[in-house]
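Chains as they are written, first to last, in the numbering used here: chain A, 59 to 246; chain P, 448 to 630.
Worth flagging that the hints you see were computed from the coordinates, not collected in a lab. It is possible that part of the hints are untrue.
[Stated by the list, open to error] Keeping only pairs whose Cα atoms sit at most 30 Å apart, straight-line, the calculated BS3-like set for lysine-lysine is: (1) A:Lys139 x P:Lys567; (2) P:Lys619 x A:Lys132; (3) A:Lys139 x P:Lys491; (4) P:Lys619 x A:Lys136; (5) A:Lys102 x P:Lys491; (6) A:Lys226 x P:Lys582; (7) A:Lys121 x P:Lys619; (8) A:Lys173 x A:Lys136; (9) A:Lys208 x P:Lys582; (10) A:Lys110 x P:Lys619; (11) P:Lys619 x A:Lys102; (12) P:Lys567 x A:Lys150; (13) A:Lys208 x P:Lys619; (14) P:Lys491 x A:Lys150.
[Stated by the list, open to error] Covered stretches of chain A (chain P as the covering partner; in silico rule of three or more C-beta atoms under 8 Å from a C-beta of chain P): (15) 103-112; (16) 129-138.
Glycine is no exception: its CB is placed at the ideal position from the N, C-alpha and C atoms.
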Amino acid sequence: MKNLFQNTWKLAPVLLILLGGGAITAWAQGPRLQIDQLDVLANKASETVDVKLDERLMATTAKFFSGKDDADIKEALKGIKGIYVKSFTFEKEGEFSQVEVDSVMSQLRGSTWSKIVTVKSKKGSENVEVYLNMVGDQITGLAVLSIEPKQFTVVNIVGPIDLEKLSKLEGQFGVPDLGIEQDKTKKK
Amino acid sequence: MKIKITIAGLVTALLLSAGPASVQAHGDGFNDAVKIIEQFYHVKHQAIPLLARAGMKAVGTAARMKGGDDKRLADAGSVRVAVFEDQNFDSRGQIASFKASLQTTLAETWSPLVQTLAPKNEEQTYIYVRDAADKFHVLIVTIERHEATVVQATVAPEILAQLMKDPGEMGKALTEDATINDN
Numbered sequence: 059m060k061n062l063f064q065n066t067w068k069l070a071p072v073l074l075i076l077l078g079g080g081a082i083t084a085w086a087q088g089p090r091l092q093i094d095q096l097d098v099l100a101n102k103a104s105e106t107v108d109v110k111l112d113e114r115l116m117a118t119t120a121k122f123f124s125g126k127d128d129a130d131i132k133e134a135l136k137g138i139k140g141i142y143v144k145s146f147t148f149e150k151e152g153e154f155s156q157v158e159v160d161s162v163m164s165q166l167r168g169s170t171w172s173k174i175v176t177v178k179s180k181k182g183s184e185n186v187e188v189y190l191n192m193v194g195d196q197i198t199g200l201a202v203l204s205i206e207p208k209q210f211t212v213v214n215i216v217g218p219i220d221l222e223k224l225s226k227l228e229g230q231f232g233v234p235d236l237g238i239e240q241d242k243t244k245k246k
Numbered sequence: 448m449k450i451k452i453t454i455a456g457l458v459t460a461l462l463l464s465a466g467p468a469s470v471q472a473h474g475d476g477f478n479d480a481v482k483i484i485e486q487f488y489h490v491k492h493q494a495i496p497l498l499a500r501a502g503m504k505a506v507g508t509a510a511r512m513k514g515g516d517d518k519r520l521a522d523a524g525s526v527r528v529a530v531f532e533d534q535n536f537d538s539r540g541q542i543a544s545f546k547a548s549l550q551t552t553l554a555e556t557w558s559p560l561v562q563t564l565a566p567k568n569e570e571q572t573y574i575y576v577r578d579a580a581d582k583f584h585v586l587i588v589t590i591e592r593h594e595a596t597v598v599q600a601t602v603a604p605e606i607l608a609q610l611m612k613d614p615g616e617m618g619k620a621l622t623e624d625a626t627i628n629d630n
C-alpha cells in the first residue's frame, strides 16, 4: 500500500499533465497555446527560458521601434499580439516525455491549426514543426515545436506572422534561433 | 567646481530624504519578492548603507543632468534595491516551486516578461513589469549560488521596448544601473 502511494505520488505530475491536457485541448482552439503545464520540466532541465510578451506590452512598445535598425523589427511586429516562448535544455536524453510533447501537440490538432513545415535531421534526432493558425485566409498565429533529445522548445506567436517575419524575430524578443530555412522545408 | 557642489548638494538632499535602507512592509511586489526569497532559501537580505544608496542616486542623476548615456532608469528616486550577499541559495531540486511561488504572489499586479532558470548553477533571473502612469515599473530578481538582488525601477516605454527586444542584456544593464556604485 505504501508503495502504491509512493508510485502514485511520483506519477502525479504526469497525471496532472494528462488531466490538464484534455481540458486544454477542449479549451484552446485559438492562436494562443496553453504551455504553462510544461513548467514542471523546470526542475529537471539544466536551463529554462520562459518569455511572455503579451498584447498590452506589444501595443505599448511597438511605436518605439522607430530607428533605422528597427525597420525590419517594426514590420515583423506589425499586428503581433503576443510572443510566448518556453525552452527547456537537459543534460541527459529522455528527461522529457511524449506526455509533455502531446500536451502541446494536442492543441495543434484543432481545426484552425495546420502544419506547414517539418524539418528533420538525417539522424532523426531533431524535429522542428511549424504550425499556422488560420481564420479564413488570415493568419492569426504561429507555433513552432522544436524537439531534440536534450531540448524541447515551444514558440507561440499570436497575430499575423509568417516564416519570413519569424526569421526576423529570431534571436530577439526571446525567440530562439530556430534555423528554419524556407527552401529546405516542405509543406504538408 | 559647480558640478562638485551640485553633486554634494544632491547627496545631502538624498541623505536627508532617503528613508530607512531596510525593506519596508508595503506589501507590494518588491517586498513580496524579497520575503519569498528569504523564506524559500532561509536567507536574509542586507540593507544597503544609506550613503551608498544616496551616492548611487546622485551618480545616476548627475549622469542624466550631463545628458550622459545612463538614462535607463527613468526616475532615480524610485529605485529600490535589496541585496543578498555571501549566502547559500540551494533550491534543493525545487526551483520550479520557487518560480511558481514568485509567480503566484506577483501575478495580481505584475506581468512576467522573462524568466530564466539554470538549476545546476542555481542561477535564476525573473523580470516582471507593471504600468506606472506613462512609464513602467520593472522588477528584476537575480539569484546566483551565493548572492541575489532584487531591483525595482521605473523605466520609460523606450527602455521597456529595448528590454523586450533583448531581455537578458537589458535586464543585466538595469540591475547594474541600480546597484553598482561607481561614485
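Right, here's what the structure says about each hint:
1. Taking the CA atoms of Lys139 (chain A) and Lys567 (chain P), the gap is about 34 Å. The hint is violated against a cut of 30 Å.
2. Between Lys619 (chain P) and Lys132 (chain A) the CA atoms are separated by roughly 24 Å; this keeps the pair inside 30 Å, and the hint holds.
3. Annotation: proposed proximity of Lys139 (chain A) to Lys491 (chain P) is violated, straight-line Cα distance about 40 Å (limit 30 Å).
4. For the hint pairing Lys619 (chain P) with Lys136 (chain A), the CA-to-CA distance comes to about 28 Å; that is within 30 Å, so the pair holds.
5. Simply put, Lys102 (chain A) and Lys491 (chain P) have alpha-carbon atoms about 27 Å apart, close enough for the 30 Å limit, and the pair holds.
6. Distance hint between Lys226 (chain A) and Lys582 (chain P) is fulfilled; the C-alpha atoms sit about 27 Å from each other, no more than 30 Å.
7. For the hint pairing Lys121 (chain A) with Lys619 (chain P), the CA-to-CA distance comes to about 24 Å; that is within 30 Å, so the pair holds.
8. For the given pair, Lys173 (chain A) sits about 23 Å from Lys136 (chain A) by alpha-carbon distance, which is consistent with the 30 Å threshold.
9. Under the criterion of a C-alpha separation no larger than 30 Å, the hint pairing Lys208 (chain A) with Lys582 (chain P) is inconsistent with the structure, at around 40 Å.
10. Restraint check for Lys110 (chain A) and Lys619 (chain P): satisfied, since their Cα atoms lie roughly 18 Å apart, inside the 30 Å limit.
11. For the proposed pair Lys619 (chain P) and Lys102 (chain A), the alpha carbon gap of about 25 Å is at most 30 Å, so the pair holds.
12. The suggested pairing of Lys567 (chain P) with Lys150 (chain A) holds, with an alpha-carbon distance near 13 Å, which does not exceed 30 Å.
13. Of the pairs offered as hints, the one joining Lys208 (chain A) and Lys619 (chain P) holds, with about 27 Å between alpha carbons and a cut-off of 30 Å not exceeded.
14. A C-alpha spacing of about 35 Å is found between Lys491 (chain P) and Lys150 (chain A), which places the hinted pair above 30 Å, so the restraint is violated.
15. Counting residues of the stretch 103-112 of chain A whose CB lies closer than 8 Å to any CB of chain P gives 10, so the stated coverage by that chain holds, three being the minimum.
16. A count of 1 residues in the stretch 129-138 of chain A with a Cβ less than 8 Å from any Cβ of chain P is obtained; the coverage claim is therefore unmet, three being the minimum.
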